[in-house]
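Novice: Sequence:
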Amino acid sequence: MIMKSKLTWLMLFLCLGISISIAQTSSVKGVVISGDDGMPIIGASVLVKGTSQGTITDFDGKFELSIPSDSKILVISYVGMETQEVPAQPNMRVVLKSSSEALDEVVVVAYGTAKKSVFTGSAASVDNSKIQTPSASFDKSLQGQVAGLQVMSSSGQPGSTSSFRIRGSGSLNASNEPLYVVDGVPISANTKYSKLADDNDNTSSILATLNPQDIETITVLKDAAAASLYGSRAANGVVLITTKNGKSGKATVSFNAQFGFSSVPKAYDMMSSSQFYDTKFRSYYEQKLAAGATPAEAAAAANTLTQGAITFNPYNMDQPYDANGNLVNGARIIVDTDWQDEIFKTAFTQDYNINVTGGNEKTSYFFSTGYHDQDGVTPSAMYKRYSGKGNVTTEITPWLKAGMNVTFSHAIQNMEVGGGAGASPLYNALLFPNGVPVYLTDSNGNPILDSNGNKQFNFKNPTSLDFNPIAIPKMDINQSKNYRFLASAFLDFQLYKGLNFKTVFSPDYIHYSELKYWNKDHGNGPAYGGRSDRYNTTDLMYTSTNTLNYNTRIADKHNLSAMLGFEYWQSEYERTEAGATSFPLNGMHELGSGASALAPQSKTTKEALISYLGRVEYTYNDRYNFSVSLRSDGSSVFGKDNKWGTFWSAGASWRMEQENFMKNLTWIDQLKLRLSYGTSGNNQGLDRYQSLGLWDTGADYIYGTASGTGHTQLANPYLRWEKQAMFNIGVDYRFLNRFYGSLEYFHKNSKDLLYNYPLAASNGFESIMMNMAKVANYGVEFTFGAYILRDTPVKWNVDFNLSAIRDEIKDIVGDDQIISSTKKIWSKGSSQYEFYMPTWAGVDPKNGDPLWIKVDANGNRTTTNVYSQATYEKQGRATPDLYGGLSTSLSYKGFDLSILFAYSWGGLVYDGLYSQVMHDGNQAGAQMHKDELNAWTPTNTNTNVPKYSNNNTNTSNGVSTRYLYDATNIKLKNITLTYNLPSRLGAFSNVVKGAKVFVSADNLFTWFKDDWKGYDDIDIFGVGGYNDLTTIPVPRTFTMGFNLNF
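The sequence shown maps to residues -23 to -1, 1 to 1023 in mature numbering (1 follows the signal peptide of the UniProt record, and there is no 0).
Hints listed in this document are in silico derivations from the structure and should not be mistaken for laboratory results. It is possible that some hints are incorrect.
[Claimed, not checked] Capping the alpha-carbon separation at 30 Å, the derived lysine-lysine pairs in DSSO-like fashion look like this:
{"no.": "1", "residue 1": "Lys74", "residue 2": "Lys49"}
{"no.": "2", "residue 1": "Lys973", "residue 2": "Lys39"}
{"no.": "3", "residue 1": "Lys92", "residue 2": "Lys26"}
{"no.": "4", "residue 1": "Lys107", "residue 2": "Lys870"}
{"no.": "5", "residue 1": "Lys6", "residue 2": "Lys772"}
{"no.": "6", "residue 1": "Lys973", "residue 2": "Lys361"}
{"no.": "7", "residue 1": "Lys221", "residue 2": "Lys474"}
[As the list claims (entries may be wrong)] Label-pair restraints from in silico Cβ distances:
{"no.": "8", "residue 1": "Leu377", "residue 2": "Ile765", "range": "43 to 51 Å"}
{"no.": "9", "residue 1": "Asn837", "residue 2": "Leu575", "range": "53 to 61 Å"}
{"no.": "10", "residue 1": "Glu551", "residue 2": "Ala379", "range": "26 to 34 Å"}
{"no.": "11", "residue 1": "Thr374", "residue 2": "Lys534", "range": "26 to 34 Å"}
{"no.": "12", "residue 1": "Asn740", "residue 2": "Asp104", "range": "48 to 56 Å"}
{"no.": "13", "residue 1": "Lys322", "residue 2": "Ile425", "range": "19 to 27 Å"}
A virtual CB, placed ideally from N, CA and C, is assigned to each residue, including glycine.
Sequences are here, hints too, so could you generate the full structure?
Specialist: Written out as structure tokens, the structure is:
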């Protein structure tokens, strides 16, 4: 009985406990949408007020949360929106409106963040939704998205870099690339780590070590008010890269996968095997007849000479043309190799990323890992990257915060084999005639098999002795491996209300190793009996940044913030090179296997930069904003009396829409005038001991029979900073809560520009680095955006940007002009990208001779058929008159469609590849473009192609405007279609909180104003507008993928 009583009470207690437990929690769910466009807000924070309990909205803007029964208020927030506190209800619909601050959202700036509404500088931000890319590096995805930013893809090589120009080029000899800052840490992106890239005319980007999936935003700082706080490294602008951080709330997991394939969409239209043979034969035939041979003798000799020029007979008979110069009955082509088709392949890409984020009111975390595998469109090119990232931020006490951010990557890159243009697979694929087979063939065109039944590569050709662009990449090795460890740790002390001290320590370690191997039988290797070279580079950089910040608001009208800082940066760079030759077997590339060791080399350098910096910002009545900044840098690179440089800026902005006289203009949401002026410097791209006199020792300096010492560089103790001063004025506007944009004008003057000044031979040195030039860049930037459809089921917005920028050389000390290359000239009053070459005057209709313009001493213009008598003239600049982008996005229910165009108007490019295949017969066996079929003949006199003549010496394909083209083009850069799956996924709804699938296409099509002959990619011509003959074109890429949130 007693036991029964106890059990009864126990059951009553358990039931009461269960009922109490049930009563303690309740479930709420709802959706969060934007009041601006009615679209669901993805990733909005939903927190129970006064607790760390919460969640974030899914891809449909929906959320579901179990909360304590006594919790009555939920806090809903999202960046750029007004935070709302709303009563908790079982079913909720929360509408977030843009806050006044959100009209000019918070942007990342130098050493901190700022509200764009009070920011006095010029900056543009691109969020992660616009930088997702199938390529290894984020930089290519920025093309056409930022006014004033010119992005040129330097190569289609996987893992290659792009050239960035922010508001033009302000230097002649130093780097024109911007400073890159990752999570507040300046990183090395311009240091030359790759020896192979230099040797092979390829590119390798250390920026590709950053996983684009880990990037949250990219901010481009363009004027002095925005960038000058980075002082001596800010002359070319600054690119701030902010990676993803943890978010408060329960842990969420995201998995992303992408799969794609790439191909080269358009190639040079080359002659077929029969067309090439016919062109060569007829020229030889006519030459022999003119020399007195009989028709039969002429035909026999022409057939023999043509086959000798090709090095193969592509026909099924020895004498395919008869005495009358006609094709013999039964003659047929048995070898017709499309070498471009052979070398370009369909390349596949795969990319996988997973991340987890979460936290509470005091601690947040983010961890991710990624794998990227990208094949190139040429035989051996590929890039593979393994990456990982983690960051944790925590509030240790109310007055102390701490955090750590760590990024690691390991990348493997195979570059095309090199050794100059003559050994480039791409170059040879263009120059090999179609009559040259890939594999050895018999008289019937059938492959000759080896003893194992395998095809044998053919290494016989008319242009590159013992070379096959398909075989050599399989036999040689050009591989790099790099490891990068980038980290930062900080402590943030709250010393007093509004006063905090933050110290950050950031190491950046790069290890870069390379292997170059040439087999012993073919290509470059036989001269060495096979050769293997190893390069190892390490660079340990660390930055220590310490800042004291003060923020206060006085009398509700005065906002004052101030920052004082000290920063120290140091780099310790080491490089070793070793090699060996004479290898017994192919495939053996370890140095110990070579019978002869090459002399090893090593290099150790150090560079340091010490900086003092400060900034003061003041805002009155949220209407008038002022800022000043000052930075003093001391660099180890420059002469002893010029190591320190001081850089400053001042800026102001006026929020005119806040004025009383504007109150009645309710359709104006924002009208802000900005004004700034300031200075910055440039020391990027210089050798670390450039100001010093250098000596070297070793076997290269022989005195008698002993190694000696040689003077290798003249000292210049007066070497100093390149300096830049920039003025900027701009207007930001937004009206009808629908249209927005900006209009800016800038003018920047760069002086004390560095240049390797040539010296007379009697000095014993070719040149000396000097400060000797001035350059100006100026222009206009315009952006416009609109929510065309917003309050309808279909949402549609458009963004447009335009930049018109000029550069002008103001002064060159010692010379009125300098010929910077065979195609460019630097002269006062001209662009530094001014083409300088003879003017093509067409073809003499009487005899088919090439003609050029000749200008006599009196300025009279005539024509000449002698290339050496042609007059070199300025022809125009490579840089465009206008460039920019147009993007649009449409949304309907769960579908999102985005389209991006990039355009460039004006400017010139020189197609060096086309000049090589329009040689008119002066390159004996080299392949020809089909345009040569329109060459002058007595019956075809109205043509712009000179008479074709084998082995001619008239230099008709010499550098001239014959190969200079208008660079105007419009590129369909990207199309992406995304479908956001409903949040309820049946049986998986408790696991998968959101999902989307997408298909994407990049570099679909380019329209050219001019009669463009080359690849469907003008970017590879670079800022200078010249193709270096070996650059892999950027391919067209199709991608599909999906994203899952758990």
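Novice: Could you run down the list of hints and mark each one as holding or not?
Specialist: Consistency of the hints with the structure:
no., hint, verdict
1, Lys74 / Lys49, "22 Å, holds"
2, Lys973 / Lys39, "15 Å, holds"
3, Lys92 / Lys26, "26 Å, holds"
4, Lys107 / Lys870, "20 Å, holds"
5, Lys6 / Lys772, "25 Å, holds"
6, Lys973 / Lys361, "26 Å, holds"
7, Lys221 / Lys474, "28 Å, holds"
8, Leu377 / Ile765: 43 to 51 Å, "49 Å, holds"
9, Asn837 / Leu575: 53 to 61 Å, "58 Å, holds"
10, Glu551 / Ala379: 26 to 34 Å, "33 Å, holds"
11, Thr374 / Lys534: 26 to 34 Å, "33 Å, holds"
12, Asn740 / Asp104: 48 to 56 Å, "55 Å, holds"
13, Lys322 / Ile425: 19 to 27 Å, "24 Å, holds"
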